[in-house]
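*Asks:* With the hints in hand, could you dock these two chains into one complex?
Listed here are the chains, written in short residue letters.
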Amino acid sequence: AQTVTQSQPEMSVQEAETVTLSCTYDTSESDYYLFWYKQPPSRQMILVIRQEAYKQQNATENRFSVNFQKAAKSFSLKISDSQLGDAAMYFCAYRRRSGGSNYKLTFGKGTLLTVNP
Amino acid sequence: GAVVSQHPSRVICKSGTSVKIECRSLDFQATTMFWYRQFPKKSLMLMATSNEGSKATYEQGVEKDKFLINHASLTLSTLTVTSAHPEDSSFYICSARQGQGFRQPQHFGDGTRLSIL
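Protein sequence lines, in the order shown, are assigned to chains A and B.
Here the first sequence is numbered in our numbering, starting from 1 and rising by one per residue.
Here the second sequence is numbered in our numbering, starting from 1001 and rising by one per residue.
Bound-form chain B, shown alone (with noise of 0.2 Å):
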């Protein structure tokens, strides 16, 4: 079946730092990729969205100039969290959606740990 990977899994850092998560659909082309963020024991909250070759569509609240993405394959999407502080700490994950129709499916990466000092 599809699969997405994620990495790194876990990532501890120090506070002022640039994080950079790759996201790669392994076997399908990724038109969509999906960013999302999660806090223990909290759902999935949606940052953003992006299109392979355009600008990311952020959700709203979401800074997109601390939350960097670029798209620019169809199998593979980054999310670099700059200057990163320790309220940034939370589990980052991305999922990619195969084809561009209503109703193919969407899948999800392993997630990436963040942890800033």
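One chain only, chain A, in its complex shape (with noise of 0.2 Å):
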């Protein structure tokens, strides 16, 4: 069964500067995708980055950025220049492609992010 785990229960980053979440995932397929969702107080999920796995070149979305590592199995999200808006629970997400077509995702357990000013 796919795993992903989240080391990180929380973690503080001061307001400009840059911070980095950790995902690691346990798969043995070799074609699927890696996402991280942002959850703020309001509680709807929202997309923050994505990473399909047969893409080298990591993905960037403005001040978010991966670093993925396939052969580690190793996802991380770096957020630069940190905004009061950033706080938020983090997730990391998996979506393989064999096993149906549903497509399921399976979630982190979540890093909960504190953005101090």
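By construction, these hints were calculated from the structure, which means they are not laboratory data.
Everything numeric in this text was worked out from a predicted model, so none of it was measured.
Check each hint, because a few of them may be wrong.
To be verified - To give an idea of the interface, some chain A residues facing chain B are shown, with a C-beta separation under 8 Å as derived from the structure:
| # | residue |
| --- | --- |
| 1 | 27 |
| 2 | 30 |
| 3 | 55 |
| 4 | 107 |
Stated by the list, open to error - Among chain A residues calculated to face chain B with C-beta under 8 Å, some are:
| # | residue |
| --- | --- |
| 5 | 91 |
| 6 | 97 |
| 7 | 104 |
| 8 | 105 |
| 9 | 109 |
| 10 | 110 |
| 11 | 114 |
| 12 | 115 |
| 13 | 116 |
Yeah, the Cβ is synthetic: ideal placement off N, Cα and C, and Gly gets one too.
*Replies:* Written out as structure tokens, the structure reads:
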């Protein structure tokens, strides 16, 4: 079974600084997607960034970038120039291609990010 | 962008009541919808996957007679918590995937906080 591990239950960062959230996963698949979702106190899940496993280039979205290490099965999220609005729970998620057409997401347990002014 | 509307956002009701939660895709056809349950400060747990016009596929340990899912159209799925009890209190989140392909995005609703007295 696929598992997603986020080893940091909580992280904090000073406003304007950089923080990296860790995520590792376990899979025997070769084609899959990895995602980072943000869940602010309002509770809606917001897609931050996604990475296709067959792409070697790390995905970037403005201040958010990932370090995707396929061999190590690692998928960390870097937030640069942190802003107060970045404070939220961050979930790493995995979607595999095989196993039927529903393509379910498997979530990690989350990392609560606090941004200090 | 694609929007998923979930209603109601909050429900408080007495034990023994049945509660229906609606999930609508507002500007796209959702062939597949997912229902998740989230406990405080915990990750999302997939309860079931529903495909339009078919019976829902429930995850192991989820009572299908307790959590009734109907996906009657390409834009609407409902979750009914039957004879709800305090232990059913939780945050329920729906999600809809736009299209059937592996690379299609998955969009989340705002969630419903269910409190059973």
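*Asks:* It remains to establish, for every hint, whether it holds in the given structure.
*Replies:* Okay, the hints, checked on the actual structure:
{"no.": "1", "hint": "27", "verdict": "violated (15 Å)"}
{"no.": "2", "hint": "30", "verdict": "violated (13 Å)"}
{"no.": "3", "hint": "55", "verdict": "violated (12 Å)"}
{"no.": "4", "hint": "107", "verdict": "holds (5 Å)"}
{"no.": "5", "hint": "91", "verdict": "holds (6 Å)"}
{"no.": "6", "hint": "97", "verdict": "holds (5 Å)"}
{"no.": "7", "hint": "104", "verdict": "holds (6 Å)"}
{"no.": "8", "hint": "105", "verdict": "holds (7 Å)"}
{"no.": "9", "hint": "109", "verdict": "holds (5 Å)"}
{"no.": "10", "hint": "110", "verdict": "holds (5 Å)"}
{"no.": "11", "hint": "114", "verdict": "violated (13 Å)"}
{"no.": "12", "hint": "115", "verdict": "violated (18 Å)"}
{"no.": "13", "hint": "116", "verdict": "violated (20 Å)"}
In summary, the numbered hints that this structure violates are 1, 2, 3, 11, 12 and 13.
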